[in-house]
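Chain by chain, the residues:
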Amino acid sequence: MTRDEALRPLARRRGPAVVVTTMGTVRPWAKLSDDALDFASADSAMGHAADFALGLSLAQPHRKVVCLNGDGSMLMSLGTLVTIVASGAANLVLFVLQNDRYELTGNQAIPGAGRLDFPAMARAAGFARVHAFEDAAAYEGALPSILEGPGPVFVSLRVEAGAEGPLGRGPGESAAYLRPSLAESARRLRRALTEAP
Amino acid sequence: MIHAGLVLEELRRQGVTDVLGVPDNASKALLDLLALDPVIRLLTVTREGEAFAIASGLWVGGRAPVVLIQNTGLLESGDAVRGTAMRMRVPLVCLVTVRGHARMAARGLRPTAEDLDADLLSRPDLDSVALLTEPTLRAWGLPWETVATDADLPRLGVAFERAREAERPVAVLITTDTAEP
Chain A
1 MTRDEALRPL ARRRGPAVVV TTMGTVRPWA KLSDDALDFA SADSAMGHAA DFALGLSLAQ
61 PHRKVVCLNG DGSMLMSLGT LVTIVASGAA NLVLFVLQND RYELTGNQAI PGAGRLDFPA
121 MARAAGFARV HAFEDAAAYE GALPSILEGP GPVFVSLRVE AGAEGPLGRG PGESAAYLRP
181 SLAESARRLR RALTEAP
Chain B
1 MIHAGLVLEE LRRQGVTDVL GVPDNASKAL LDLLALDPVI RLLTVTREGE AFAIASGLWV
61 GGRAPVVLIQ NTGLLESGDA VRGTAMRMRV PLVCLVTVRG HARMAARGLR PTAEDLDADL
121 LSRPDLDSVA LLTEPTLRAW GLPWETVATD ADLPRLGVAF ERAREAERPV AVLITTDTAE
181 P
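Protein sequence lines correspond, in order, to chains A and B.
The first sequence begins at 1 in the numbering used here and counts up one residue at a time.
The second sequence begins at 1 in the numbering used here and counts up one residue at a time.
It is worth saying that the hints were derived from the structure and are not from the lab.
Backbone N, C-alpha and C define an ideal beta-carbon position, used for all residues, glycine too.
Any given hint could turn out to be false.
Each pair of labels, with its calculated beta carbon distance range [to be verified]:
hint, chain 1, residue 1, chain 2, residue 2, range
1, B, A148, A, G112, 45 to 51 Å
2, B, R110, A, A36, 44 to 50 Å
3, B, G5, A, A138, 53 to 59 Å
4, A, P150, B, D115, 50 to 56 Å
The calculated SDA-like cross-link candidates involving lysine to any residue, where the alpha carbons are at most 25 Å apart (straight line), are [as the list claims (entries may be wrong)]:
hint, chain 1, residue 1, chain 2, residue 2
5, B, K28, B, P181
6, A, K31, A, I146
7, A, K31, A, N107
8, B, K28, A, G88
9, A, K31, A, R188
10, B, K28, A, A86
11, B, K28, A, V82
12, B, K28, A, G79
13, B, K28, B, T17
14, B, K28, B, V129
15, A, K31, A, R169
16, B, K28, A, V85
17, A, K31, A, R191
18, B, K28, B, A151
19, A, K31, A, R14
For reference, chain B alone in the conformation it holds in the complex:
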């Protein structure tokens, strides 16, 4: 569990101006806080790829956006990430909640692309989107940090540093639900 208030504090510390994304259950507590935040603007979009294009436009216009989506939406966003934030070299942090991580981790699985076969991807006791998340990020050349508990939250700051230094998008995989502050 990650306390949403601590995530919000870090977003404020990093000077974030806008959060764009599509809601999911894991980010609900954070979204509830963002909806009331007087400084950070929350914009819900219709599809996750849209969030990367809008965020890129916001950055070009002088703002400091982040994207907040689920890993299912990340997979949907492939060409949008590639053609906007990556191609434009936007220092964009993308918070990605990882659906299915708990079941995958409980079985001791952390597959690479070579491990992914039809049997694994169709197992009913696993959510295939969790299996595909890290191999997809690796294939896309999109670096990431992982945050599983409050103790990991300094990794969020590291992601912002990496994005700014390398002028590129960096993902932050959030592997548990956000909770009330």
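Pulled out of the complex, with its shape left as it was, chain A reads as follows:
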């Protein structure tokens, strides 16, 4: 599926969920969503979007938290799969968009490209709900049930290779949530989560 086919249905159905993006999903998501509960793990620590999202989900157990992770990023913190399950984060939905590439650095192959089985790794880590999709229509049809019910949920989406460039932050960024600093973005999200009625 294309990245748009992966993200657009989610943008329609995310409701009041927090959505954490990183790497190749940061700018494409901003073309579909401009929400106070969107957060770009950009200009931050490589490979730490899923564990940051885990912290959000543990702090906000009554709110769905969605993480749009990349395959290269997931490999940098595979242990987080185990921690997510051990923590009992029932409100976390972890997507891994798999294109077998480090896209932002020029589409170099990730280790194990073509052989890695992320859904099997998620099952082995203890995820009870694991989904894998290559077909966009099947994914869109299953998305409502994926977003409902107890988690944590792991979703692997096989997406086409893209050409997203390096990420930055600042007033010149086209994506609105990349214009503030990471610290300011964190405070805005904190206010949205802790001052919500």
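Given the structure of chain A, go ahead and fit chain B onto it with the hints provided.
Coordinates of chain B only, in the frame set by chain A:
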């Protein structure tokens, strides 16, 4: 020796909600108490860098976490500290037990970055991670307090104040084992 019960009392006084980290021998007594604590949630992670990212998410979500790791894990955590708690300006206290401190102190050593050479870092009678801890914190721009005995425990409260006032992570170096209350 630091009594774990006194550390726990201070964590409660500071309103800590979550402790994240990887176990080590020096923190065992404190971890034993935390595992039974009805208020503070203890979450063991797979690698120390993960603790900083989860703690940052917890703080953004409205909680008051601390990180509890050994100095070996602190060194492993460099980019995670930099890219999450520092970059997000999270007022996060990180308790760091200092492996190798006793042997280093017994030899009267407290090296700066300029003192660190191959001979010193490979001496078999010293643990190089102790030699590297303070120079690393200084290089990273991560302020710290030091707690060696129960009498030093007010420094823990000072670390929380510094973290909140400056909106940044602050380390607390714990240079002896925690003991039963």
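Query raised in the report: Within a Cα-Cα threshold of 25 Å, do B:K28 and B:P181 meet the stated pairing?
Result: holds (12 Å)
Query raised in the report: Going straight from one Cα to the other, do B:K28 and A:A86 come out at no more than 25 Å?
Result: Holds, at about 20 Å.
Report task. Take a look at whether the Cβ-Cβ distance between B:R110 and A:A36 falls inside 44 to 50 Å. Result -> holds (48 Å)
Query - Verdict for A:P150, B:D115 (Cβ pair) under range 50 to 56 Å - result: holds (54 Å)
Query raised in the report: Is A:K31 within 25 Å of A:R191, Cα to Cα?
Result: At roughly 23 Å apart (the allowed maximum being 25 Å), A:R191 and A:K31 satisfy the hint.
**Report entry** Pair hint A:K31 and A:I146, alpha-carbon separation not exceeding 25 Å
**Finding:** Holds. A:K31 to A:I146 sits at ~23 Å (cutoff 25 Å).
Report task. For the pair supplied as a hint, A:K31 and A:R14, confirm whether the alpha-carbon distance does not exceed 25 Å. Result -> holds (15 Å)
Requested in this report: Go ahead and decide if the range 53 to 59 Å is satisfied by the Cβ distance of B:G5 to A:A138.
Outcome: holds (56 Å)
Query raised in the report: Between B:K28 and B:A151, does the CA-CA distance stay at or below 25 Å?
Result: Measuring from Cα to Cα gives roughly 20 Å; hence the hint holds.
Report task. Below or equal to 25 Å on CA atoms is what counts here, so check B:K28 against A:V82. Result -> Since the Cα atoms of B:K28 and A:V82 sit roughly 22 Å apart, the hinted pair holds (cutoff 25 Å).
Query - Pair hint B:K28 and A:G79, alpha-carbon separation not exceeding 25 Å - result: holds (22 Å)
Query raised in the report: Between B:K28 and A:G88, does the CA-CA distance stay at or below 25 Å?
Result: Within the cut-off at roughly 23 Å; holds.
The structure is consistent with each of the numbered hints, conforming to all of them.
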